[in-house]
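Protein chains: 2
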Amino acid sequence: MLTTDTLIATPGPTEIPHRVLLALARRPTNPDLDPDFFKRYDEVRVMLARMLGTSKGNVVVWVGEAMSGLEAAVANLTINGNKVAVLSNGVFGDAFADLVASYGGVPIIHKVDYGKVLDPDKVKAFLRSEAREAELVTMVHCETPSGTLNNLKDIAAVVKSEGKLLIVDVVSSMGGTEVNVSWGVDVVIGGSQKVLNLPSGLTILVVSDEAWERMEKVSYRGFYLNIRLWRDVVERMEFPYTHSEPLINGLLESLRMIEEEGLSNVYARHRAISRGVVNAVEVMGLRLVPESEEYSSPTVTAFYTPDGISEAKVREGAFKYGVLIAGSWGPLKGRVLRIGHMGYTASLNMMTNAVVALAKALNDAGYRVKVSDAVEAFLNGVGL
Amino acid sequence: MLTTDTLIATPGPTEIPHRVLLALARRPTNPDLDPDFFKRYDEVRVMLARMLGTSKGNVVVWVGEAMSGLEAAVANLTINGNKVAVLSNGVFGDAFADLVASYGGVPIIHKVDYGKVLDPDKVKAFLRSEAREAELVTMVHCETPSGTLNNLKDIAAVVKSEGKLLIVDVVSSMGGTEVNVSWGVDVVIGGSQKVLNLPSGLTILVVSDEAWERMEKVSYRGFYLNIRLWRDVVERMEFPYTHSEPLINGLLESLRMIEEEGLSNVYARHRAISRGVVNAVEVMGLRLVPESEEYSSPTVTAFYTPDGISEAKVREGAFKYGVLIAGSWGPLKGRVLRIGHMGYTASLNMMTNAVVALAKALNDAGYRVKVSDAVEAFLNGVGL
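Quick note, the sequences are listed as chains W and Y, same order.
Per the working numbering, residue 17 is the first one in the first sequence, and the count goes up by one each step.
Per the working numbering, residue 17 is the first one in the second sequence, and the count goes up by one each step.
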């Protein structure tokens with residue numbers, strides 16, 4: 017092996033920047049008792065609110081992997097027996113239907129092929145027909161398993177115009193591409209271990225006034241996933257349980273890095289790096305999972321393994337060259353490879369490594385590509 | 017201020033040892049994809065199993081503050097409409113009743129004063145009378161708000177002899193005093209931020225064969241708190257969601273430190289340090305919350321603030337001397353102060369500081385004590 021360390025080029029968890037790692041190792045305080053912790057928690061909320069186009073009072077950050085937030089959104093907003101419109105073009109979109117059913121809702125699914133994205137006009141027609149009784153709509157912004165990005169802005173406008181509440185999973189998009197609550201989103205759910213380059217363990221929720229109101233009506237009775245318990249925690253200086261100080265310190269550092277770079281620069285970097293990776297993949301003759309490049313998420317590139325080549329073998333090969341890339345999930349498992357370029361890893365240096373390792377691993381697995389062509393295509397795509 | 021850094025002498029979160037802080041900052045991998053992570057997760061289970069007298073297959077460690085485990089135990093084991101025996105001598109004992117009710121169970125409460133501990137004979141009588149229909153029993157081993165430690169061994173024997181399943185909160189005792197599942201415990205719930213000296217964010221569950229069986233019958237339908245989804249995760253090499261690598265690395269380091277010292281040495285150290293703190297508190301004329309010293313937990317000392325002295329003022333005073341001590345919760349809030357001596361902080365050096373800071377702060381608040389007497393009493397209690 018010619019490499020001395022490995023690169024995590026998966027669609028989360030990602031590499032963690034040194035600044036964030038050091039923040040995790042900062043000497044602790046007691047987050048229940050030290051007023052300074054509440055200040056840091058509030059600073060995190062201010063920066064998240066700025067990023068997501070909301071006010072800090074609507075931002076909740078709690079301890080739990082992002083799944084806890086997805087389930088909580090459904091648990092706190094679903095009324096027993098009510099229909100819920102589930103928009104889905106992927107694995108996580110589908111999963112919302114299970115969550116809805118387990119909390120007594122009746123999921124009405126608008127299903128689109130995994131390689132496609134949601135079409136605002138078709139969504140409108142669906143919300144006016146099969147799902148007209150639904151008060152609640154769920155969707156996923158970026159589907160990591162298939163690498164697609166839905167047009168959240170236009171779909172939110174449609175959902176709003178139909179007078180329904182929208183829950184959106186932005187776990188793998190927020191921070192890498194624009195997510196703006198003022199588009200008409202009622203609950204967004206994000207996580208720490210994707211674009212924000214932290215370990216898993218923090219869930220970020222933004223809740224609209226309408227969603228807060230509906231929660232009072234639903235009166236979900238569980239404790240850990242009860243979003244209502246998090247309202248005014250800073251004012252009361254009391255969390256429902258002990259918060260994670262290192263993760264809040266890490267998130268503060270991560271958000272500072274984003275603000276230092278500038279949000280629009282961060283988004284432009286993601287788009288450029290993404291174009292580079294897509295270009296390299298296409299020059300190698302590999303087929304993207306998204307049917308069109310414009311459906312591809314700026315945070316992850318998903319593509320089919322060449323016929324007759326083992327997906328696992330390519331991953332293992334790339335790992336030998338020092339780069340951890342991912343397979344996929346659900347119906348795409350075993351046929352699809354994925355490269356994450358999220359936050360810190362949406363980087364010229366890291367993605368050059370990822371492209372080289374992928375090209376070398378494909379060759380080793382018996383699929384011939386010219387490594388230098390892949391690198392050149394990557395650089396061209398990036399705009400260099 | 018004459019101090020350059022502060023000491024967290026609260027009953028969790030605690031100080032974090034330097035070795036654990038560095039483990040938190042270890043460069044990451046992708047826990048879903050790197051087989052090495054599963055090995056580390058399994059090593060954690062082996063060491064926890066050794067500590068708790070069980071086998072690793074019954075140990076689950078998931079991402080969430082310990083409250084998630086307390087709720088999960090109830091959610092996964094409560095049958096709608098069934099009576100559940102809730103044994104309580106404190107705030108967390110009482111809280112189990114709310115959890116039971118929110119999952120459709122009917123809590124039948126055996127309530128003991130906060131300064132007392134559960135009496136095995138009275139528990140037996142209760143389980144044979146009011147609670148004879150209950151199949152499930154809940155209790156708390158160490159009640160941090162009142163600083164009491166229940167006799168888990170004897171009570172577990174009683175619960176077993178009555179043929180019921182026992183759920184025990186050991187969040188603030190495990191690692192500081194013996195907890196042995198073979199005494200007859202069906203579910204224990206522990207957390208990362210107490211004696212194990214990690215940040216909050218990991219919940220430790222041990223599940224008996226009988227409890228696994230009952231869970232199949234209950235078939236709890238939620239996802240995040242669904243314990244069944246964690247069975248065989250290592251064999252399947254698939255977690256229900258992305259695990260927290262830094263916290264598992266930290267836990268590994270913490271457990272190694274415990275094994276290096278030796279479990280019986282660790283327990284003896286807690287007992288000795290606890291005796292020292294209790295001695296110092298009593299020499300200062302302060303009254304313990306536990307009615308008898310033998311009820312006092314080796315991990316935390318709780319005592320009433322002297323009449324006419326503000327609890328907040330004493331805490332603020334101690335913080336000025338560089339030591340963060342805690343107030344209390346529930347009915348004890350505002351009248352009780354607490355010093356945690358958990359894991360790393362069950363230490364001669366740290367508790368000397370805590371005793372000095374407390375004594376100085378009491379004097380500053382107008383309650384006269386001789387600081388040197390308190391220190392001497394502490395050392396005598398420790399056995400030095």
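The hints are simulated quantities; they were obtained by calculation from the structure and are not laboratory data.
A couple of the hints might just be wrong.
If several chains are the same, the list does not tell them apart, and a pair holds so long as it fits within one copy or across any two.
Unchecked claim - The list that follows gives simulated cross-link-like pairs (lysine-lysine, DSBU-like), each with its CA atoms no further than 30 Å apart:
no., residue 1, residue 2
1, Lys180, Lys99
2, Lys169, Lys233
3, Lys169, Lys329
4, Lys169, Lys376
5, Lys55, Lys329
6, Lys376, Lys336
7, Lys233, Lys140
8, Lys169, Lys72
9, Lys99, Lys329
10, Lys233, Lys99
11, Lys386, Lys138
12, Lys55, Lys349
13, Lys233, Lys180
14, Lys176, Lys329
15, Lys176, Lys336
16, Lys99, Lys55
17, Lys376, Lys138
18, Lys336, Lys233
19, Lys180, Lys132
20, Lys140, Lys99
21, Lys132, Lys72
22, Lys376, Lys55
23, Lys55, Lys72
Cross-check of the supplied hints:
1. Lys180 <-> Lys99: So Lys180 and Lys99 pass the 30 Å test inside one copy only (12 Å; across, 40 Å).
2. Lys169 <-> Lys233: This pair counts as within: shortest intra-copy Cα distance 28 Å, inter-copy 44 Å.
3. Lys169 <-> Lys329: Neither: 39 Å inside a copy, 52 Å across copies.
4. Lys169 <-> Lys376: This pair counts as neither: shortest intra-copy Cα distance 39 Å, inter-copy 60 Å.
5. Lys55 <-> Lys329: Result: close only across copies, 21 Å inter versus 48 Å intra.
6. Lys376 <-> Lys336: within (10 Å within a copy, 60 Å between copies)
7. Lys233 <-> Lys140: within (26 Å within a copy, 42 Å between copies)
8. Lys169 <-> Lys72: Within one copy, since 21 Å is at most 30 Å while 48 Å is not.
9. Lys99 <-> Lys329: neither (44 Å within a copy, 54 Å between copies)
10. Lys233 <-> Lys99: both (16 Å within a copy, 28 Å between copies)
11. Lys386 <-> Lys138: Neither. Shortest intra-copy (42 Å) and inter-copy (79 Å) distances fail the 30 Å Cα cut-off.
12. Lys55 <-> Lys349: between (43 Å within a copy, 23 Å between copies)
13. Lys233 <-> Lys180: For Lys233 and Lys180, only the intra-copy Cα distance (16 Å) is at most 30 Å; the inter-copy one is 37 Å.
14. Lys176 <-> Lys329: neither (46 Å within a copy, 52 Å between copies)
15. Lys176 <-> Lys336: Result: close neither inside a copy nor across copies, 49 Å intra and 53 Å inter.
16. Lys99 <-> Lys55: neither (41 Å within a copy, 43 Å between copies)
17. Lys376 <-> Lys138: neither (42 Å within a copy, 71 Å between copies)
18. Lys336 <-> Lys233: neither (54 Å within a copy, 46 Å between copies)
19. Lys180 <-> Lys132: within (24 Å within a copy, 54 Å between copies)
20. Lys140 <-> Lys99: This pair counts as within: shortest intra-copy Cα distance 16 Å, inter-copy 48 Å.
21. Lys132 <-> Lys72: Close neither inside one copy (34 Å) nor across copies (44 Å); limit 30 Å.
22. Lys376 <-> Lys55: Between copies, since 28 Å is at most 30 Å while 49 Å is not.
23. Lys55 <-> Lys72: within (12 Å within a copy, 40 Å between copies)
Going down the numbered hints, you'll see the structure goes against 3, 4, 9, 11, 14, 15, 16, 17, 18, 21, while the others check out.
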